[in-house]
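Protein sequences, first through last, are from chains A and B. Numbering follows the working numbering, in which position 63 of the first sequence is assigned residue number 63; successive positions increment by one, without gaps. Numbering follows the working numbering, in which position 159 of the second sequence is assigned residue number 159; successive positions increment by one, without gaps.
Hints may contain errors.
Unchecked claim - Once the Cα atoms are required to be at most 25 Å apart in a straight line, the calculated SDA-like pairs of lysine to any residue come out as:
{"#": "1", "chain 1": "A", "residue 1": "Lys73", "chain 2": "A", "residue 2": "Lys103"}
{"#": "2", "chain 1": "A", "residue 1": "Lys79", "chain 2": "B", "residue 2": "Arg48"}
{"#": "3", "chain 1": "B", "residue 1": "Lys58", "chain 2": "A", "residue 2": "Trp93"}
{"#": "4", "chain 1": "A", "residue 1": "Lys144", "chain 2": "A", "residue 2": "Ile35"}
{"#": "5", "chain 1": "A", "residue 1": "Lys73", "chain 2": "B", "residue 2": "Lys58"}
{"#": "6", "chain 1": "A", "residue 1": "Lys103", "chain 2": "B", "residue 2": "Asn118"}
{"#": "7", "chain 1": "A", "residue 1": "Lys39", "chain 2": "A", "residue 2": "Thr153"}
{"#": "8", "chain 1": "B", "residue 1": "Lys58", "chain 2": "A", "residue 2": "Pro97"}
As the list claims (entries may be wrong) - Pulled a few chain A residues facing chain B out of the computed Cβ check, cut under 7 Å:
{"#": "9", "residue": "Ala28"}
{"#": "10", "residue": "Glu31"}
{"#": "11", "residue": "Ile35"}
{"#": "12", "residue": "Asp46"}
{"#": "13", "residue": "Ala53"}
{"#": "14", "residue": "His54"}
{"#": "15", "residue": "Glu55"}
{"#": "16", "residue": "Gly57"}
{"#": "17", "residue": "Leu62"}
{"#": "18", "residue": "Ala64"}
{"#": "19", "residue": "Trp93"}
{"#": "20", "residue": "Val104"}
{"#": "21", "residue": "Phe111"}
{"#": "22", "residue": "Val112"}
{"#": "23", "residue": "Gln139"}
{"#": "24", "residue": "Ala172"}
Think of the hints as simulated: they come from the structure by calculation, not from any bench. Cβ atoms here follow ideal geometry from the backbone N, Cα and C, with glycine treated the same way.
Each chain, written out:
There are 2 protein chains.
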Amino acid sequence: MRGITYLLGAVVALTVVVVYKAHPSGHAEGEAAPIFGIKTPPGYRDWRLISVAHEEGKLNDLRAILGNDVAIKAYREGKLPFPDGAIIARLAWSYVPSEENNKVFGRAQSFVAGPATNVQFMVKDSIKYASTGGWGFAQFNDGKPADEALHNTCFACHVPVKTRDFVFTHYAR
Amino acid sequence: MRGITYLLGAVVALTVVVVYKAHPSGHAEGEAAPIFGIKTPPGYRDWRLISVAHEEGKLNDLRAILGNDVAIKAYREGKLPFPDGAIIARLAWSYVPSEENNKVFGRAQSFVAGPATNVQFMVKDSIKYASTGGWGFAQFNDGKPADEALHNTCFACHVPVKTRDFVFTHYAR
């Protein structure tokens, strides 16, 4: 009897921990982005790194691409298409020269992340988003969803990488 | 009695989970880097993102700076000096133009992470590394420690940011 009670206690405690881990920052909050109805996924800033990039031109940013557990697992296993539940987050910051670093290097060579520009998400749901390759798209500027016109441009831009399930970013090993 | 047994079960289960979390990928492996004796920390590729950067010149890389749980907590709380146990990882990859992305953008503007160049670590231990600001330094090229001459240059380069506990990278919000 004591053994069973002990076992029950352990199971309850483990369940509590697993549930906590699955929702470390609670449920999605804030306003949903247009068309795809995506809210900012909770805890995305804690997700693991897929890769980094720099865009010149109008974007002029440094970016980090992060993935939730489902996305990271698929990337590492080279699994395509991404399974439902995968979410990819693209964070971006202004591309800013670092005077501090340049002094140490003795030349102007160092560029770092300035203020955040915007955050984008791709959410895989092959049923809900069947008409856009199984992906929902969202962009948030300073926590607020971008407008509908912008969200209408997302999928078309990703079509050229259809063979990689519409995802541009390669995993950085 | 039953309550106490239940409680004990819960405590044991929680302890198991906490210990598992602290060592998700086992112990450090591989050859130790010279001078500071640092091995590649297990699971560092899973650590959370501090920031991103681009270095031109000879380095010509895109880099991601990750932190273990102790480092991330200190960064987010603005806590200086970093507490013992903090580890900061700097991953870097060759700075490579993406023809694929440029086609979509219609201009040459996209740079992505190519092959890895090297990985560096800063490990905080205020006793062990007292003579170098409380930090031990290590660089690994393709998993192999860099030579002693290189490791002799690390601390001097970090002295200009002594007021930020010898750490260059700011947390990207």
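Hint check results:
1. A:Lys73 to A:Lys103: The given pair, whose Cα atoms are some 40 Å apart, is violated under the 25 Å limit.
2. A:Lys79 to B:Arg48: 23 Å, holds
3. B:Lys58 to A:Trp93: Holds, at about 24 Å.
4. A:Lys144 to A:Ile35: 15 Å, holds
5. A:Lys73 to B:Lys58: Status violated; Cα separation ~34 Å.
6. A:Lys103 to B:Asn118: 23 Å, holds
7. A:Lys39 to A:Thr153: 18 Å, holds
8. B:Lys58 to A:Pro97: 17 Å, holds
9. Ala28: Given a least distance of 20 Å, the restraint on Ala28 of chain A is violated.
10. Glu31: 20 Å, violated
11. Ile35: 20 Å, violated
12. Asp46: Since the shortest Cβ distance to chain B is 5 Å, the answer is holds.
13. Ala53: 5 Å, holds
14. His54: 4 Å, holds
15. Glu55: Result: holds, 6 Å to nearest chain B Cβ.
16. Gly57: The hint holds - Gly57 of chain A has a Cβ within 7 Å of chain B, the shortest such distance being about 4 Å.
17. Leu62: 5 Å, holds
18. Ala64: 5 Å, holds
19. Trp93: 6 Å, holds
20. Val104: Status holds, d = 5 Å.
21. Phe111: 4 Å, holds
22. Val112: Since chain B brings a Cβ to about 5 Å from Val112 of chain A, closer than 7 Å, the hint holds.
23. Gln139: 16 Å, violated
24. Ala172: 4 Å, holds
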